[in-house]
Each structure stands twice: as structure tokens, then as C-alpha cells.
Amino acid sequence: MSNEAVSLHNPDYPVPEELRHNIAITTLDRIYNWSRARSVWPMLFGLACCAIEMIATAAARYDPARFGMEVMRPSPRQADLMIIAGTVTKKMVPQIVRLYNQMSEPRYVIAMGACASGGGPFKEGYSVVDGIDKFIPVDVYIPGCPPTPQALLQGFITLHEKIEGQSITTVPWYRKGEGEAIPVPVLGPDLIDPRQTALIRNVASQPPDTSDAAQEPATD
Amino acid sequence: MSKTSPDTTTNDVAEILQQKFPDSIHPDDREGYSGIVVSPDSLVEVAQSIRDDFRYNLLTSLSYVDYIDEDFFEVVYHAYDTVKGGPALNFKARTPRSQATLPSLTGVWPSANLQEREAWDLMGIHFTGHPNLKRLLTWEGFEGHPLRKDWKEPFYEEDKKPFKSRWPEGRPDRAESRLPYGMNVQYPPGFTPDGWSPEGESALYDSLSTPMTGSGVDVQAIKTDQLVVNMGPQHPSTHGVFRMAVTLDGETITRLEPVVGYLHRNHEKIGERNTYLGNMPYTDRLDYICSMSNNLAYAMTIEKMMGQEVPERAELLRVLVVELTRIVNHFWLIGFLLNDLGAFFTPALYAILERELIVDLFEALTGSRMMCNYMRFGGVAYDLPPYIGGPAVKPGDKARHMDTMKFIKDLVYERLPRAIDQLDNFLTQNEVLVSRCKGVGILPPEAAVACGVTGPVLRASGVPYDIRRSDPYSIYNELDFDVAVRYNCDTYDRYLIRLDEIRQSLRILEQIIPGLEATEGQEYWAGKRGYNVRVPTGEHYGHADNPKGELGFYVVSDGTANPYRYHIRAPSLINITALEEMCRGLKVADSVVILGSLDIVLGELDR
Amino acid sequence: MYGLGIIKGLGITIKHFANTYVEDFKQGIKRYTAEDRFTARQGLEAQGLFTVQYPEEKIAVPERFRYIPFLVVNDDDHPDAPGQPWCTSCGICSKVCPPQCIWIVRSTDPETGRPKPEPQEFYIDIDICMNCGYCAEFCPFDAIKMDHDYEISSYDRTSAHIYDLQKLTKPLSYWRTIAPTRAEEERTAREAKEAAKAEKAKK
Ligand code: SF4
Ligand code: SF4
Ligand code: SF4
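Chains as they are written, first to last, in our numbering: chain V, 23 to 242; chain X, 4 to 610; chain L, 235 to 437.
Rather than coming from a laboratory, the hints here were simulated on the basis of the structure.
All C-beta atoms in this analysis are idealised placements derived from N, C-alpha and C, irrespective of residue type, glycine included.
Hints may contain errors.
[Stated by the list, open to error] Residues from chain V that face chain X, not an exhaustive set, calculated with beta carbons under 10 angstroms:
1) P96
2) R99
3) I118
4) P159
[Stated by the list, open to error] Each computed DSSO-like pair below joins lysine-lysine, with the alpha-carbon atoms no more than 30 angstroms apart:
5) L:K431 to X:K412
6) X:K95 to X:K163
7) L:K249 to X:K401
8) L:K437 to L:K427
9) L:K436 to L:K350
10) X:K137 to X:K590
11) X:K397 to L:K264
12) L:K431 to L:K404
13) X:K401 to V:K184
14) X:K397 to V:K184
15) X:K137 to X:K152
16) X:K531 to L:K434
17) L:K260 to X:K412
18) L:K404 to X:K167
19) X:K531 to L:K436
20) L:K242 to X:K590
21) L:K264 to X:K401
22) X:K167 to L:K260
23) X:K401 to L:K401
24) V:K198 to V:K184
25) X:K163 to X:K152
26) X:K409 to L:K264
27) X:K531 to L:K350
28) X:K401 to L:K260
29) X:K409 to L:K260
30) X:K401 to L:K404
31) X:K152 to X:K167
32) L:K404 to V:K184
33) X:K531 to L:K401
34) X:K412 to L:K264
35) X:K412 to X:K401
36) L:K242 to X:K531
37) L:K401 to V:K184
38) L:K242 to X:K441
39) X:K401 to X:K163
40) X:K23 to X:K87
Turn these sequences into a full structure, and let the hints steer you where they fit.
Right, here's the structure in full:
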């Protein structure tokens, strides 16, 4: 208890020695972030092998309740944190972007494992997205294949540190106007990111002989 | 040497078949190959004869190979006899690459359904007569058929690993920086993205909203609208990114279609580029709860092709870890089945606790909790560690020190039997479990076999078919255990059979322990320990009884350091063939439980 | 009887709950402070509370634990060549690596232009690495080992996730701390090999 008080207390404001354990003077930012960081609700959502370690983390041995994170919400509307636990495939990424858009701000994303961060061992394959950060902003990357539960907990702590570093005056979700939704990718002959439409049009209309592997026509 | 061991019965059958169909069958006499080649025109007829006259009633695997130099595709079928057991009857059909068409075998064996769709999707072989020939793992509209040898992915570097760009002049470049899009994508020349709309979804929903005739559910009698409801891929009870689209009449399921491929990671294409050894850690990621069992199936397949012997201690260690894996898997399943029934997370917590103890052993033994990468061709990578635990290094580290043999003994003789009795005691008679599971999701034995269902699900349908007994591998024929069977064919029996199997696994482990003590210090990895494994030319289908069902690897070697074809027969994929049959006429909530009792894992299902 | 299942289930939970306090009462504060009690709490005799209070207490990982690889170099107090990497840039690890995430530039002697047994550059893309341990298993010089440090989450991957020579390098003494038995075994094996070689040379 006194630990919490100490972590909240802002040393810029002197408090008499005898009152130290009863009074903590803090800033709005600190109390705001402190309360947010200690109740980050993750979304109940797993993709691949890493999800098994995520579930193992949620179980008795590692118990994320100690971080206020045991409430896994199946609905994106009630979740603050999306843990991308596993390989993101092209077929799955439209759903992930849609789920991300449905989460209410403030929202955070953890890329758990090599696959979610950068494609992982399956990066060279044709149906894998080489890192979820190509589509949605990622706050914390946890390397490993799979990250052990303790590595995931450490990632949570890293996220808490990030949250505690934010300021209520600059955070984007109190600005005026609506936040911009991320355009949902479309499954075409390959995955189409709507933000790249113009680029695709330009590149694909060029004669194929200038190409490297990118324009290699799929013989069929 | 790499020929599958000569077995009189299958050879006899092949001969009789040849006499019966002299014009349309000839033996496959390529070096290292076996089986018969059937001409496409009489494929269905021959298949029927194989099923009815020779009683090879279970078509487990349908593999497909692109022989680009010879300019044909070959589809390879492996059929088994669930009553007599024994090795597979292996028959093949060929079709020219330019006009790849074969008759569908779905009429003979429904288990061909999803596998033919997969072959269409990834290889572009058209199966005439298939009821629903849509793409399976990629999506409708995807460009090309990726497993063809002349199809290249966007990040394509070279045909074979190791890549030359890694050494001695290896400067890292992120593959995406080579492409104009900065991403793992490619488009056909002249493609314009404007106004593109994905076609797959509407096709799926259209096909589901037309009422099916003869579905056994009388739609006309109930005057309600049919409603197509989508579950997944993000759904808390679909065990990963599984999706099913169901047609509902009120709350009753009239049709159900599994939609898969949301975790398709191209194991096979990558596997053909990898070296033989390099595929081992990839098999960990198939059924990621049972990495040890996957390792074993793959190691055995390649060992068979190489003619590599395995020392006794390695076999003991293999059985030890594989049976522990079975226990882990079944604990996990029981926990999550209860989850699906609404007992949110509490039983799962206790199940995961036991798993944690077993993975502690795996971690000390292999270095990783989940991705064990433990087996090598000719043995296992490590012997048992002297103790479980590690030295304290970091601030906060707490060292543990548990003698390994004592740990294993305590686990097998005390901890696990107690845990399973506890689960049994407080779950089996639980009225929610009983009322939600008894009589729900009936899968009759004939239907199970026809759909190619294997593993505990098949055995809970009253078919005592276990590869450890029917086509024994490793040292299972020296071990004393019963093949667990249950005869009510419902979800409750599928739950009970997992308890039975855990008990049988414990029985096996009890027999393993004295052997482990007796062979202490002996060799655990025979043969050359090189990284460059050479496999003689030929083909082989190796399989093992995994906790989820029959995991098979069909590997074709052309004598180089990389497999020419690497096909995985995934039990999870083929088991869901029976899902619609089991769910039809039941309430939508039951489908969740039935799916839970089928025990799928997406890494393996989608590969 | 309806409700019996619920009562039974609750009974289990209550038993676990109570066991924690029974153990606490029996063992006192020692349960959480004494070194050897941790083994009991996180082993097969675990009763009641099973939680590891990360980050105050962490389960120490076993010696064979695999995470990201690192390169072994001589300790700083090595008499002849402090900081000398053991890697000879033979390239075996980059060949066995299943996802091909190791890049090595071999050094050349500036005078002769011949390759030198030492890496000039060495990279591992940890966003691809699958922690399989093959590089360490097949390196003939014990020069690459699997690190045990899993607490490496970061805010940015573009700059931080391709490990270069500097980031990969760790001294031998570090390997000795995280895997004392294995380091010792390897040392004996190396010395035996050296001895055999010397013997041969003598003959
Ligand atoms: S990082 Fe490794 S463990 Fe995680 S999803 Fe990818 S392959 Fe699986
Ligand atoms: S780390 Fe080992 S295997 Fe890799 S290049 Fe250096 S010496 Fe060779
Ligand atoms: S651990 Fe495996 S994947 Fe990672 S660098 Fe070593 S060989 Fe490559």
C-alpha cells in the first residue's frame, strides 16, 4: 500500500515526514495514468501458437490479475488492449483491423511473438502478413517464438510504463473530432491495402519485364 | 531400401486389383515408390472396389504432387482397413498439368471432400463431381495455385535453402524492402484495384441460404425464415481463428459450413524449400499443443526413408514425451470443453496447472515449453537433464532443483493420477455436463469412418482403431495398454474417452520408467549427427496416432537435401468433415460444444 | 440432485483457497522467503496458491532454455585476446537456420585478401528467429549459444530488432553463469579434443 503511495507521490511537493504515509500529492496525469495502467483489459482473442502461451499466462501460475489484467473481454468495445498473439495471415488481417477500429480509445496493441512483430518463421510464405504494424500501430513488441509467460508479463510491464509516460493534455483521444478509422484491407488476387490503391495501379500497369519477383505472374 | 516394407496383404490386393482391372491399373515401378497407378477413367470404380471388396474403408490421406519435369500432377491416396489394421493401400492417379482434372472420390469416401478442395486450392486440380469445389485455405479470387512448382511467392528468394545471400557476404535486408509495396503482396500484371469486391463471401452465403434437400430437418413444417449466421473467426469459443457459417431455423441448425484458412501459414511450400532437418522445428508449430507428437511422426517418416535405426533409449524417451504430450492435450481439451459449457475458466485453470508441471519437464529437457524441437533422425536431441530447474541469474530469479527421475516418477505415479481422479470426480457426474453432452452430436461409426475421422473421436464412436496397435511404430507393440473405446458416439463419450486415454497413457508411462532407469547413460541419438541429411529417392507416407488423430507426412525425395514434396495430413482438418453431420438438427449452442469435443487446433488445421 | 455439481465444484475451489492458508500457517513466512521452499511451491508438491509473483520473483529458466542466440567472445580479462569472438564465420549456423535469419559477412585480411576466420558483420533478425536452437547445436566452435534473457520487449522494432555484432556479443563468463554445467561439459570436450590433436601431432 505504501508502495503505491510512494509511486503516486510527486516528490516536487514536499510533504512533512510524519504525514508521508497518509498523504500523497500527485498530478492529475499521474493519477490518471496510474489508474489506467492498472486496469488494462485485454481482448480475448488469439491467433496461433502464441495464444496458447497467452492463455497459460492468464492461468493460475502467472495470474495477470496481479496487474489488473485478468478481465479478458470477448468484445472489442470493452477492451483496452489487443494482444496480437500469433501469426497474422492475409485472410485474417481484415478482421483484425475491423476489431481494432471497433475498440474504443484509449487502445493499445501488443505484438506478441516474432510472427506478430515481423512475420516470424513464416514470413517468407505467401499468405502471411509480415508484421501487424503494417496495418495497425503497435505499442509494444515482444520478441520470442513463443514468448514465455514471463516474457509476456514483462511486456505488460513495458506497456504500463508507456501508459504512465503519457500526458492527459497531449493524448489524442481528447482532441476534437473523430479519430480516423483504419481502412479495412480487401482480399483481392492478393491482399489489398486501400491506402495503396494508387500505388498498386501504377506498379501493376507497368510492363512486367521491368519486374523482379514482385510482378512474377502467377502462371495458371 | 526406402521402399515401404513389403507386406503380402497389400501387395496381394494390388495384384488382384490388377487382374480385375487389367487395362486401367499398372504398378508404380519408379525407384523407391510403391502402390498402383490407376487411370482417371476408372478411378471411381477402382476406389469402390477397394472400399467394398477389400474393405479398405478409411481413406486417410489425399496428397498431391507436382511432377513438373514429367508434366503431370499426381494425386496419391492412402486407404486403411480399420478392422484388420495393417499398412496402407496406396493408389495414385495422374493428370496432365495443362488440363488438371480428375474424378472426385467424395461419393466413395466423404473424407475426400475437404482434401480435394485443398488440392484444388493449392494445386489447381479440378475434381469433377465434387459437390462444393471452392478454395479452402486461400480465398476465392486468390491469384494462382501456390503449391505448383512454378508459382512464386512475393518474398521468393531461391528454390532451396540455404540461401546464398546469407554467407559469406550476408548483409541483412528485410524482404519487404525489395518490393514496391513494402509488404508481402504481389498482383497480376495489369491489375487495377478499383472497384474490386471480394466474391467469396457472397458465394458462401448464397450456397448456405438455399435450403438443402434431404437434410433430415423438415424446413417446410416450421414456418420460419432461415437465417444465415456467421461465427468466427474471432469468436471466444471457436478455439482459435475457426469460422463456421450456419443456417438457422429458429435456433436449430439446418446447414453448417466450416470456413477455414485463417491461419494458413504455408507449411508445405516452406517445407519444400527447407532442408529435411529444418522442417523439424516447423512441425512444432503444426499442432502447437502437441509439438512432441508432431516431431515423432515426422522423424519416423524420414527415418523410414533413410533406413535409420533408433537406439532403445531414444525410443523410450520418445514414448515418454509423446505420452506426456497426450496427457497435456487431453487435460487442455477437458478444461476448454468445460469452458464451452459455460464453466468459464475454472476447470481450465486446474487443467492448465497440471500442464504447467509437464511443460516444466519439457522446458528442462528441450529448452522450450512449447516448441520442443526434440527429435532428430535417429534419436532425440538431448538426454534427460540431471535436474529440473535452473540457476538463478537475473534479479528476482528463484532457482528450483528437482531430481529429474524423481520428478517423472512422482508425476506419473502420484500427481497425475490424483489430478485425473479429481477431474473425473467433480466433472463426470456434473449435471450440466451430462445434460449438455449426453446424446448430443451423435457420430455413428460408419459415418465417422466415411468422413475419415481418426483419433479419440473415432474411438468414441465405437471403432477401436489406434495406429499404435493397427500399424505399430516405435516400441508400442512391446507395451501393454488398451485401446480405449466408447460406444455411445456422443459428446459425453468423447469427453469420457479422453479420461480413459489419459489413464492408458499413465499405464504406458509406468512401463517406460524402469526402462529409462535401466538404459541410463546409453546412446540416445544414433547415426550421423550432421545437419545435412540425405534421403534416398522415393516416397513415403508416415503416420502416428497423435492426440488429435492420425498425423501423417507424405514426403517425396528426389535425392537432394530438400524434400521434393512435403504434405501434411492434418487430423484436425479432416475431422471437421463430420461437423455438419453432427450438428444438423441441434441448437446452435450445441455446435460450440461439439466443436470443442472434436478437439481441433488451427495451426494444424490450416497449416 | 441438481446443484450437487456446483457444490462439488465450489468445494474444490474452496479447498484450494483454504490450502493456501493452511500451508501459510504451517510454514510461516519462510514459505515465501526461504530458497528451497520455492521449489516446493512451484513443483509437484504444490498446494494452494501456485502463483509466481513476477517480477518480484521469477522462475529461473533451465540451462537448456532457448530464446534469442548470442555470440560468445573471450572475457575482458583473457590474457591474450580479450574480447576476441570465438566465431570463425564458417557459416554453418546460417546454413542450418531453418527460417534463414542469420546474415554473416566474413572478414578478409586487408593485406592478403584472404578470408580471415572472424566475422566482420553478423546479424540475426529476431523477428524471424524461431528460437529453434539449431545454430547453437551445430556450431562446431561453441561460438553461438542460446541466450536466456527473455525480458527484451521494446517499443520499436525497425531499429531494434535486427541484432548486430555488438548487440549479439556476450562474454564467455556470461555463458558460464547462465549454463554452468553445460559450459563445463563443453570445456572438457574442447580440451579433450585439443589433447587428441596434440597427441596426433606428436606422432
Ligand atoms: S511467434 Fe512462433 S510461437 Fe508465436 S505464433 Fe509465430 S510461430 Fe507461433
Ligand atoms: S557462430 Fe559458429 S557456426 Fe556460425 S559462423 Fe560462427 S563459428 Fe560458424
Ligand atoms: S535459433 Fe534457429 S531460427 Fe534462430 S537464429 Fe538460430 S537457427 Fe536461426
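Now for the hints, and whether the structure bears them out:
1. P96: holds, 4 angstroms
2. R99: The hint is violated - R99 of chain V has no Cβ within 10 angstroms of chain X, the shortest such distance being about 13 angstroms.
3. I118: holds, 8 angstroms
4. P159: Cβ of P159 of chain V sits 16 angstroms from chain X, so the hint is violated.
5. L:K431 to X:K412: violated, 43 angstroms
6. X:K95 to X:K163: holds, 27 angstroms
7. L:K249 to X:K401: This hinted pair holds, its Cα atoms lying about 27 angstroms apart.
8. L:K437 to L:K427: Cα-Cα ~16 angstroms, so holds.
9. L:K436 to L:K350: Roughly 27 angstroms between the alpha carbons, so the hint for K436 of chain L and K350 of chain L holds.
10. X:K137 to X:K590: Distance of about 27 angstroms is within 30 angstroms: holds.
11. X:K397 to L:K264: holds, 22 angstroms
12. L:K431 to L:K404: holds, 28 angstroms
13. X:K401 to V:K184: holds, 28 angstroms
14. X:K397 to V:K184: holds, 23 angstroms
15. X:K137 to X:K152: Distance ~21 angstroms between K137 of chain X and K152 of chain X Cα, so the pair holds.
16. X:K531 to L:K434: Answer holds: K531 of chain X to K434 of chain L is near 24 angstroms, not above 30 angstroms.
17. L:K260 to X:K412: holds, 26 angstroms
18. L:K404 to X:K167: holds, 27 angstroms
19. X:K531 to L:K436: holds, 29 angstroms
20. L:K242 to X:K590: Holds, because 28 angstroms separates the two Cα atoms, which is no more than 30 angstroms.
21. L:K264 to X:K401: This hinted pair holds, its Cα atoms lying about 14 angstroms apart.
22. X:K167 to L:K260: violated, 64 angstroms
23. X:K401 to L:K401: holds, 27 angstroms
24. V:K198 to V:K184: holds, 23 angstroms
25. X:K163 to X:K152: Within the cut-off at roughly 12 angstroms; holds.
26. X:K409 to L:K264: holds, 24 angstroms
27. X:K531 to L:K350: holds, 29 angstroms
28. X:K401 to L:K260: Given that 30 angstroms is the threshold and the Cα spacing comes to 22 angstroms, the pair holds.
29. X:K409 to L:K260: Satisfied, since the Cα-Cα distance of roughly 25 angstroms is no more than 30 angstroms.
30. X:K401 to L:K404: holds, 23 angstroms
31. X:K152 to X:K167: holds, 20 angstroms
32. L:K404 to V:K184: holds, 29 angstroms
33. X:K531 to L:K401: violated, 34 angstroms
34. X:K412 to L:K264: This hinted pair holds, its Cα atoms lying about 27 angstroms apart.
35. X:K412 to X:K401: holds, 24 angstroms
36. L:K242 to X:K531: Given pair K242 of chain L, K531 of chain X is violated - Cα atoms ~56 angstroms apart, limit 30 angstroms.
37. L:K401 to V:K184: holds, 24 angstroms
38. L:K242 to X:K441: Cα-Cα ~20 angstroms, so holds.
39. X:K401 to X:K163: violated, 44 angstroms
40. X:K23 to X:K87: holds, 23 angstroms
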